[in-house]
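Student: Please model the complete structure; the sequences and the hints are all you need to start from.
There are 2 protein chains.
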Amino acid sequence: MRSLLDLVLIDLYECVHERLLDAEDIKDAMLAAARLMGAEVIGHSFHTFKPWGVSGTVTIAESHLAVHTWPEYNFAAITFETCGHRMDHKKAYKHLIEFFGPKSPKITHQKRGFVDSEVEEIHLRQEVG
Amino acid sequence: MRSLLDLVLIDLYECVHERLLDAEDIKDAMLAAARLMGAEVIGHSFHTFKPWGVSGTVTIAESHLAVHTWPEYNFAAITFETCGHRMDHKKAYKHLIEFFGPKSPKITHQKRGFVDSEVEEIHLRQEVG
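These protein sequences, in sequence, are chains A and B. First residue of the first sequence: 35, per our numbering; consecutive thereafter. First residue of the second sequence: 35, per our numbering; consecutive thereafter.
Calculated from the structure, these hints are not laboratory results. These figures come from a predicted structure and were not determined experimentally. Where is the CB? At the ideal position from N, CA and C, for every residue including glycine. Honestly, I wouldn't trust all of these hints.
Here are the simulated lysine to aspartate or glutamate pairs, EDC-like style, with alpha carbons at most 20 Å apart [stated by the list, open to error]:
1. B/LYS137 <-> A/ASP150
2. A/LYS145 <-> B/GLU74
3. A/LYS145 <-> B/GLU48
If you anchor each label on the Cβ, the simulated ranges turn out as follows [stated by the list, open to error]:
4. B/LYS137 <-> A/LYS137: 43 to 51 Å
5. A/HIS51 <-> B/LEU55: 41 to 49 Å
6. B/GLU48 <-> A/LEU55: 40 to 48 Å
7. A/PRO85 <-> B/GLU106: 40 to 48 Å
Tutor: Next up, the structure:
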């Protein structure tokens with residue numbers, strides 16, 4: 035069954051503490067990851083919290099990327115949600131792993147948006163119409 | 035084991051076609067959902083694609099919300115990623131279901147960012163230090 039979206043959850047444990055603090059640095063790393071993936075960046079929004087922690091999203095033509103950091107746990111959670119079959123997720127998360135320097139990265143892949151029945155129905159309607 | 039993040043995937047099949055087309059309308063619905071959830075909105079980025087389709091992200095103090103629509107399949111994929119235990123996801127996705135009018139909504143909940151060992155380690159260090 036065909037799916038519309040790839041969801042990649044990148045949980046980075048035991049990161050280099052200093053890399054989790056600055057929204058500008060993290061924005062640069064996430065935009066570089068988007069480019070390495072082959073995505074077209076549409077917009078972004080990053081924020082540094084007090085006393086610490088960074089949240090950011092990157093809207094891409096192929097969906098979005100997001101990052102949230104917990105310096106108090108040396109932890110960062112990154113999400114890639116993309117459509118199409120041309121996205122090089124691996125190149126992108128390798129760059130982020132290099133940036134955040136986690137001792138223990140955990141990466142999981144999921145699919146969502148299953149549309150085969152709808153696609154078939156549309157084709158059928160087009161043939162009938 | 036304690037987790038840092040709640041991930042809610044809201045897949046809306048057979049939506050009202052017209053609701054999937056306009057970034058301004060969808061932005062209003064997503065910002066309303068963020069408020070209903072009890073989140074603090076930090077920033078957002080929405081875009082209407084040609085020939086059609088909308089992508090948008092809302093950065094919140096508690097992480098992020100995202101939406102991507104496929105009018106050709108009458109499908110919308112919405113993601114809530116939030117931390118803390120005060121977020122009212124149900125109130126938020128009820129609002130979005132009302133807005134998009136899907137005949138077949140599918141909602142799944144996941145957890146990510148498991149940190150108990152680190153938390154215990156920090157407490158231990160604080161006690162020792």
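Student: Looking at the structure, which of the earlier hints fail to hold?
Tutor: 2
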